[in-house]
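Enquirer: Just need the whole structure built from these sequences, with the hints factored in.
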Amino acid sequence: RKTYLSPAKKLRLSKPSKSAALHVDLCKATNSTDALQYLLQFARKPVEAESVEGVVRILLEHYYKETDTSVRLKIASLLGLLSKTQGFRPDCIVDDIINTLCNEKSHQVLAQLLDTLLVVGTELPDSPAVRQRLVQVSCKHLSDTYFGVRNKCLQLLGCVGTVDAPLSKDVRDVQSIISDYFGDQDPRVRTAALKAMACRLLSDDYEQVRSAAVQMVWVLSQLYPESIVPIPSSNEEIRLVDDAFGKISHMVSDGSWMVRVQAAKTLGSMLQVSPHFLEQTLDKKLMSDLRRKRTAHERAKELFASGEFSSGRKWADDAPKEKLDTNTVNLIASGACGAFVHGLEDEMFEVRIAAVEALCQLARSSPTFAEKCLDFLVDMFNDEIEEVRLQSIHVLRQISTHITLREDQLDTVLAVLEDSSRDIREALHELLCYTNVSTKECIQLALLELLKNLNKYPTDRNSVWKCLKFLGSRHPTLVLPLVPELLSTHPYFDTPEPDMDDPAYIAVLVLVFNAAKSCPTMPALFSDHTFRHYAYLRDSLSHLVPPLRVLGLDPVDSGSASGSVESAQLFLQQSLNRISTIQNLEAPGAQDLLNFTIRDVQRLGHLQTQLSGAADFCATYLRCQLLLMKALQEKLWNMAVPLCLKQNVTATAAARQILEETYKLEFLYGGLENRQIATIHHVRLQAKALQLILSARTRQGLDPLISSCEKFLQEIEAFQRSFLTELPHLHDSFVDKLLELKPRISACSSVELVKILQTTLRQSGLLQLRLPEQIHRATATIIEPTGESDNPLRFTSGLVVALDIDATLEHVQDPQNTVKVQVLYPDGQSHVIHPKPGDFRKPGADRHRLITQVYLSHTAWTEPSQIEVRLLLSYSSASSSLSSSKHLGWSDSSDGLQSPEAVVEGTIPFSKPVKVFIMPKPARR
Amino acid sequence: MPEIKVTPLGAGQDVGRSCILVSIGGKNIMLDCGMHMGYNDDRRFPDFSYITQNGRLTEFLDCVIISHFHLDHCGALPYMSEMVGYDGPIYMTHPTKAICPILLEDFRKITVDKKGETNFFTSQMIKDCMKKVIPLNLHQTVQVDDELEIKAYYAGHVLGAAMVHIKVGSESVVYTGDYNMTPDRHLGAAWIDKCRPDILISESTYATTIRDSKRCRERDFLKKVHESIERGGKVLIPVFALGRAQELCILLETFWERMNLKAPIYFSTGLTEKANHYYKLFITWTNQKIRKTFVQRNMFEFKHIKAFDRSYADNPGPMVVFATPGMLHAGQSLQIFKKWAGNEKNMVIMPGYCVQGTIGHKILNGQRKLEMEGRATVRKLSFTFTLTFFLLCNLDVKLQVEYMSFSAHADAKGIMQLIRMAEPRNMLLVHGEAVKMEFLKGKIEQEFSINCYMPANGETTTVTTNPSVPVDISLNLLKREMALGGPLPDPKKPRTMHGTLIMKENSLKLVSSEQALKELGLNEHQLRFTCRVQLQDPHSDPDTLHRIYTHLKSVLKGYTIQHLPDGTVMVESIVIKVSSSAEDPNTKVLLLSWSYQVTFLRC
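For the protein sequence lines, the chains are A and B, in the order given.
Taking the working numbering, I'd label the letters of the first sequence as residues 1 to 925.
Taking the working numbering, I'd label the letters of the second sequence as residues 926 to 1528.
There may be inaccurate statements among the hints.
Mimicking BS3-like on lysine-lysine, the simulated pairs with C-alpha atoms at most 30 Å apart in a straight line are [claimed, not checked]: (1) B:K1040 / B:K1270; (2) A:K452 / B:K1228; (3) B:K1270 / A:K452; (4) A:K247 / B:K1119; (5) B:K1149 / B:K1228; (6) A:K140 / B:K1482; (7) B:K1052 / B:K1022; (8) B:K1149 / B:K1287; (9) A:K265 / B:K1217; (10) A:K140 / B:K1404; (11) B:K1231 / A:K452.
Keep in mind that the hints were calculated from the coordinates and are not lab data.
Expert: Right, here's the structure in full:
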């Protein structure tokens, strides 16, 4: 049965003949369009390093003969692509390309050839001879009349020319050559000139030129930040980075918004700038009728300092005071003056966002600047575009370690809590988690506003509680004096016990308990019911309420956390090692060992949360092995075929379950290496072999058997191809043995194949599992709906009702495409809903948040009943990590190797189902 | 030398009554035609007799351009076009054309119907005047006639405000009108490309002011309104109907939306409704945010802002009311103020400047007891004097009074920024106070080293220009020049070349001399210079010549030197001949002859 191997053979044949095939094709081509077609086809396939040189020769040969410029152009670009091939040193083709360059007439082709040389030049950074030649060539072509050629020459010069050493006596140094072209009449050439080298062109007429100039100035300032440059009009000297900072700041008020965006972005990355210049960016000297005026920020600060809180009662409290000397007023922002003030006020939100981001980066490296820019950031909370508001809140959070909010600032920040956008509110909660405040009034204010927020938007419950948790644990001493008021206790009278289910009361308790954790005197102020409530909350909201050393209540023994991670890891490793001895054991003993190990590992996962992913992974893998072992030890193998139908059922089920588990192993866990994937695929292959054998035993007739045998052989091929590098590690395994017998297998009949499989399967041992550094299990928790509500969601049957879903996902890659919501109705109907990509937010690394609505509908019911909602992780074997890494060619190879393995798609439920009470009512007529 | 003349008829060292005459390249243009709000006599309109004493203006003006719809920029337009007489084109942007007649009509009503003035333009005149208007689009180049072209740029002062670039040949002037360099809630910032005009005529209202970030102002405003509403108070915001009112509406509307507030916002009706309608239409003239979101929702389709009715003022509960006029001197805003002044929970926010004497001004200065005039009765006592009785009632002002400055003019920094954008060769300041202009003038001259002028009304500023004259050049000549080699042509450096300039029927052409001769039917004349050099040499003539030849050959390397059989030596195109003088055979006369192209050859 030779057909089994045909795809592989074809592949092997075609590879070495690649250059030959191209040659034939090109010779066949009768006209230029045909040739172009062949070349385009050729470009789609990868070429190995060994055959590159041959291909290049053929291409060049054809190049000399070709009269059509477009074909020559394509060949030239192909040459460039080819010289990028890994493992190929392009020095041998430099001479050829330079030769063709000398004879070429078409400007476009010339430019393309120079581009090819540019590629060659970057591939050979350490060969001075080649570089020198390239510099000479590009100098020669600098006088070309076509802008593209000059462009490429300048790029080439910039790439290969070295700054420090003049290359030879007669060739001037590269910088001066390039600077000659600053005045070229074509804007595109000027852009190139700048990219190769920098400040005059910051005031060019064309925005691209200015944009490139900004970039250029930045590059220079990063290269030589400390060199001293003179200021033209005076005899002062400043650091280059400061000078560049000033110049770029100036560009923040450029006429083109693209340039402004770039300038603002660039400012953020100039961290070496001196603080004096940095602080200028926020300074815009105000004046009114030539009198110095204080900014609103300064006034607010003074008012706060003087103890007066509310401002602006009087007209003209901003009346200008001192008179300014007309000579000292500088209207043109010299240097960095007010750059950010302008940037933050810009018309285009793109510029504003860029400015906010730049502020963030600069403030993170300079605490004093962070303090200064605080007012401006707080102002941005009031921007008209939500994106900008959100960004500035995030930025404030990032720099919050450096700052302490004043009361008036906090007031402004808290005002945003009433925003109707959920994202804004949650970002603000997160900000408050990290904020330092200075007085107890601030805490009170924050609590008050948060409670108001809770009242207005009850869905924010979790977020508000979490926020208060951090607020409490950060400021225990500030909370302490507030406790009697917060808990409304009275020294003489007993106060009524508050309602335990009131979210606002819980919020207050969360604040107090978290503060009490590091403030041992606080529990003394609690009343009896507070302790009772503590016990209740500690149980129900353990993630929000910390353990307290409270009288009468023993703090929960933290024994679970006693073992260190290292010892747990060691234990896990030892358990796995123990498994390897399984070969030597008898069947029942081996099964027991597996059973115990699975139990141990699972328990370990519960105890040590950091290892739960790895432990889960091991347990699942071992369960697969156990199942496989059990299936193979059934009695059915010794029985005659017709007698063992019943046993067959269990074995078939086991095979199917193993298959399912392997998909879980592959797609539910993140951080797997190729080694583990190979192991998983190996188990899957075993399961498939088992299935094949079972079906061979039960089913009659050869035809279906032949086709499934064929499929199985293809899968082995695919396995071998994908895990070529892993094969040595799979020594003595099922696959290893099969591959040894491969010549026999491919020749024998299907019945024989089944026999071989049966023996190898039973003989082959267990494959040792090696754990990678980190394994994370993808998990999902549905926060909303909670499933606690007893009130059914009523709606008219036939119409839809929207159910809000709020869930957090951890360690899920690409959730936009993989996560789905499943709704199960009591009648067994199930709907899978694909949420919109916009419904996913990313609050942190490896964490996602899904906030979406699913629409429910059903025909009328007589009673309210529960539906189940859960999240599914969908997978497809085509998108598995190994196949995606395989297709990384140097061109988009759509006609690449098509895996013979049929694409398997499926879903894995990965969250606990939540029950929702619904009641579709019959429509009233 | 060609000149550009600029004469302000109004707004020269003054605010109000903007009207500027520009003569450029033989064209006369009037920029804006405004009126002065401070006068009620003849001084309120520009002095058109400056242009011509008698008769119509049509033959003296090529076009009139109106920058925006404020009355100090367009108020005198019907007077000029209908009463003085002008039939030429009037240019303004689409929004200006739409809103301008509403304001003019309103103004006419107040002056004629309320104040009872006569000799004023009528509604029909406004209509006739608007018929002469040609609308402009942003960045659209409009040819007024063959030579004069104008182009509008965004100015951001009010809806439809524009800056105009006026160009005749290579001479150009930019007139800014009023503009704003910082964007606000409904308009973007002014923008102009680097057009390098000969003169930039800029307003200078805030020549000596640098303003604070507008965000602080906005935040303050919103906070005050929000606090008052939360307390259950009523907020009164007296505004003028157009411009700032819309900005504040957008500000409050978006705030209400964001914060999910429920308290009603009212806008007193009147011409505002019509104007709001136009704001909805001219979306392209607003800022980025409104332009980008109007497909989902037009920001001027206010959800929370409703029309005000007199009876609403007595409704219980919090509310915000925008009412006209802005200085609390009369009308609805005053009525509401009287009703609400007694409650300390209420608040009045003055968003702009108040003229002395108005109630707005008084309360801003902290006056807490106001004497209100109830009803005025005039009784004639005798022929010579009348007595006026006012029924006065005292009003305790308990409500909070706040001041907010929202203004849409460029500050000193903004003006400098615009100059940097446009890079003009000369600067001219109008629409500002003389003292303040003086300061800005000094700064401009210092920073940009360009001339800056600030003419008073009726004073003419003359600027000489150096326009470049375009000349057609024949392709052959260019190619020949290229073939000569040398460095690539550099646009920044002049380069000499040989050719003949032909001036024919208003066009200039540069051609090679041969072609010029052919075209003009002339014969070529050779011009040669000769000179005689005497030297003592005993040899015969041919020998001397040969010796000169060998000498030159040794000295002038790199030049073609030929000894021709006819007894001459040629060095390039210079001919050398030798002859003996008649008296003395030893004295040889060297005859050198060269064409005029060869200037000299160093030996």
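Enquirer: Is the Cα-Cα distance between A:K140 and B:K1482 30 Å or less?
Expert: holds, 28 Å
Enquirer: For B:K1149 and B:K1287, compute the direct alpha-carbon distance and say whether it is at most 30 Å.
Expert: Roughly 21 Å separates the two Cα atoms, so the pair holds.
Enquirer: Would you check the hint for A:K452 and B:K1228, treating anything up to 30 Å between C-alpha atoms as holding?
Expert: holds, 25 Å
Enquirer: Taking 30 Å as the top limit, are the C-alpha atoms of B:K1270 and A:K452 close enough?
Expert: With Cα atoms ~22 Å apart, B:K1270 and A:K452 stay inside 30 Å; holds.
Enquirer: Is the straight-line distance between the alpha-carbon of A:K265 and that of B:K1217 30 Å or less?
Expert: holds, 23 Å
Enquirer: Can the restraint linking B:K1052 and B:K1022 be considered satisfied, given a maximum Cα separation of 30 Å?
Expert: holds, 11 Å
Enquirer: Between the alpha carbons of B:K1231 and A:K452, is the straight-line distance 30 Å or under?
Expert: holds, 28 Å
Enquirer: Can you confirm whether the C-alpha distance between A:K140 and B:K1404 stays at or below 30 Å?
Expert: Roughly 22 Å between the alpha carbons, so the hint for A:K140 and B:K1404 holds.
Enquirer: Are A:K247 and B:K1119 close enough, with their CA atoms no more than 30 Å apart?
Expert: holds, 19 Å
Enquirer: Taking 30 Å as the top limit, are the C-alpha atoms of B:K1040 and B:K1270 close enough?
Expert: Not OK: B:K1040 and B:K1270 at ~37 Å, beyond 30 Å, violated.
Enquirer: Hint check: B:K1149 vs B:K1228, CA-CA at most 30 Å. Holds or violated?
Expert: Roughly 21 Å separates the two Cα atoms, so the pair holds.
Hint 1 alone, counting from the list given before, is not met by this structure.
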